[in-house]
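Line by line, the protein sequences are chains A and B. So the first sequence is residues 2 to 199, counted in the numbering used here. So the second sequence is residues 2 to 199, counted in the numbering used here.
Calculated directly from the structure, the hints in this document are not laboratory data. Where is the CB? At the ideal position from N, CA and C, for every residue including glycine. Among these hints, one or two may not hold up.
Said to hold, decoys possible - Only pairs whose alpha carbons sit at most 30 Å apart, straight line, appear in this in silico DSSO-like list of lysine-lysine: (1) B:198 <-> A:189; (2) A:198 <-> B:198; (3) B:198 <-> B:80; (4) B:84 <-> B:189; (5) B:189 <-> A:189; (6) B:84 <-> A:137; (7) B:80 <-> B:137; (8) A:198 <-> B:189; (9) B:189 <-> B:77; (10) A:137 <-> A:189; (11) B:59 <-> A:59; (12) B:137 <-> A:189.
Claimed, not checked - Some but not every residue of chain B turned toward chain A, in silico, with C-beta under 10 Å: (13) 120; (14) 133; (15) 191.
There are 2 protein chains.
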Amino acid sequence: MKKAVEPSAERPVRAADRIRASASELFYREGIRAVGVDEVVERAGVTKPSLYRSFASKDELAAAYMRDYEANFWEKFEKPGGKSYSDAREHVLAYIRVLSANAVAEGYRGCGLTNATVEYPSRDNPARQVAEAHKKLFRRRLRELAGSMGARHPAVLGDALLLLIEGIYVTGQQSEDGPAQSALTVAKLLIDASVAKG
Amino acid sequence: MKKAVEPSAERPVRAADRIRASASELFYREGIRAVGVDEVVERAGVTKPSLYRSFASKDELAAAYMRDYEANFWEKFEKPGGKSYSDAREHVLAYIRVLSANAVAEGYRGCGLTNATVEYPSRDNPARQVAEAHKKLFRRRLRELAGSMGARHPAVLGDALLLLIEGIYVTGQQSEDGPAQSALTVAKLLIDASVAKG
DNA sequence: GTGTATACGTACCGGTCAGTAACATTGTCA
DNA sequence: TGACAATGTTACTGACCGGTACGTATACAC
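Using the sequences and the hints given, assemble the complete structure.
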């Protein structure tokens, strides 16, 4: 008589996964430097050696957090509000609409990848490297979308949108009543002024 | 026979001042959390008790750094490139011109006040409080300038400029080859599209 | 049953952190 | 000379940090 039912319906849930989840939550909310590995494992309900079996160091755990964050970011960016968009302008505006709504909520903490580059000025930090690579990709994607909108200078409009979005990320953490409120209007202004009319 | 010449040309330089200077440099370059008080006093050429005679805690030292940074900021903002401007549009564009030039330099670290709010999510941190108060003032000042430019909606243009500027601060630390390059063009676009023409 | 591999916990390490106590030294002014 | 204020010197604390040596429980193979 073996296990009867449920081969593994109750999930054991690997320690490494619990740690990733715990780290993601804590690192995002409080910052990477502010959170010790003890706090991470305690919240995960595991012990420290389990962490170091799956991750070489706290820095590498932070890098894993960055990769998880990035995957999640792309999902939210490519389907803002869970919806797909064929029109580039509507796509970007939808993302900014959702983003700026979140950014005026209490406790908003901006973009985890951006925050990590602020926390780690040194270029050889593993977490920072993931973040930097992501921001390059994001910039390219925004230029692409700007091109699809028919911008006269897609590079400029793409950069404009990136600057605007990063501005939302960071000002959103400064106060609940910040300039992110105006972001959607600004985005429209920017796009319309950049797209050839006649 | 007293001191002959130079009442104090060779400056004794108060320990507190040396500490402020040392802290400002280190906190800005490496981040506040990343720098220990030992490093601050060592660079200042003083000892730890001297620090704690002038500052109640590291947090309070960080708050002092914020205040110093802010004073310096206003100087640079109100006279970009050392020059005064009577025209609001030229004033803002001059600031953004200088800023974006700095932002593409290697080792650029953005705005110390912005960075501090990223490092300290908790609202009761003394340094963060200084930074938050400053950002409120800055927002008001930009709206004021937007009004002087004759914007149809000064609040929107002011916010647009703030989002843009914060975007420059933060993307400037992500890479030397970032969107800050386009910032001046974007600023002109934004202003021209916001100012009533006919 | 007895290997053997995997997954995990207990207990600990040395270092660094912010902060302090007690005392010695200096320079200034009167 | 004497008093005061500012600083340096030395040594220390307790908490926390990232990281690890080592023992333990379970499961599957033969």
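Hints, one by one, checked against the model:
1. B:198 <-> A:189: holds, 18 Å
2. A:198 <-> B:198: holds, 17 Å
3. B:198 <-> B:80: Answer holds: residue 198 of chain B to residue 80 of chain B is near 28 Å, not above 30 Å.
4. B:84 <-> B:189: holds, 20 Å
5. B:189 <-> A:189: Given that 30 Å is the threshold and the Cα spacing comes to 16 Å, the pair holds.
6. B:84 <-> A:137: Violated, because 35 Å separates the two Cα atoms, which is more than 30 Å.
7. B:80 <-> B:137: holds, 20 Å
8. A:198 <-> B:189: holds, 18 Å
9. B:189 <-> B:77: At roughly 20 Å apart (the allowed maximum being 30 Å), residue 77 of chain B and residue 189 of chain B satisfy the hint.
10. A:137 <-> A:189: holds, 24 Å
11. B:59 <-> A:59: Holds: residue 59 of chain B and residue 59 of chain A sit about 25 Å apart, inside 30 Å.
12. B:137 <-> A:189: Holds, at about 25 Å.
13. 120: With a minimum Cβ separation of about 6 Å from chain A (threshold 10 Å), the hint on residue 120 of chain B holds.
14. 133: With a closest approach of 6 Å, the residue 133 of chain B hint holds.
15. 191: At 7 Å from the nearest chain A Cβ, residue 191 of chain B passes the 10 Å test, so the hint holds.
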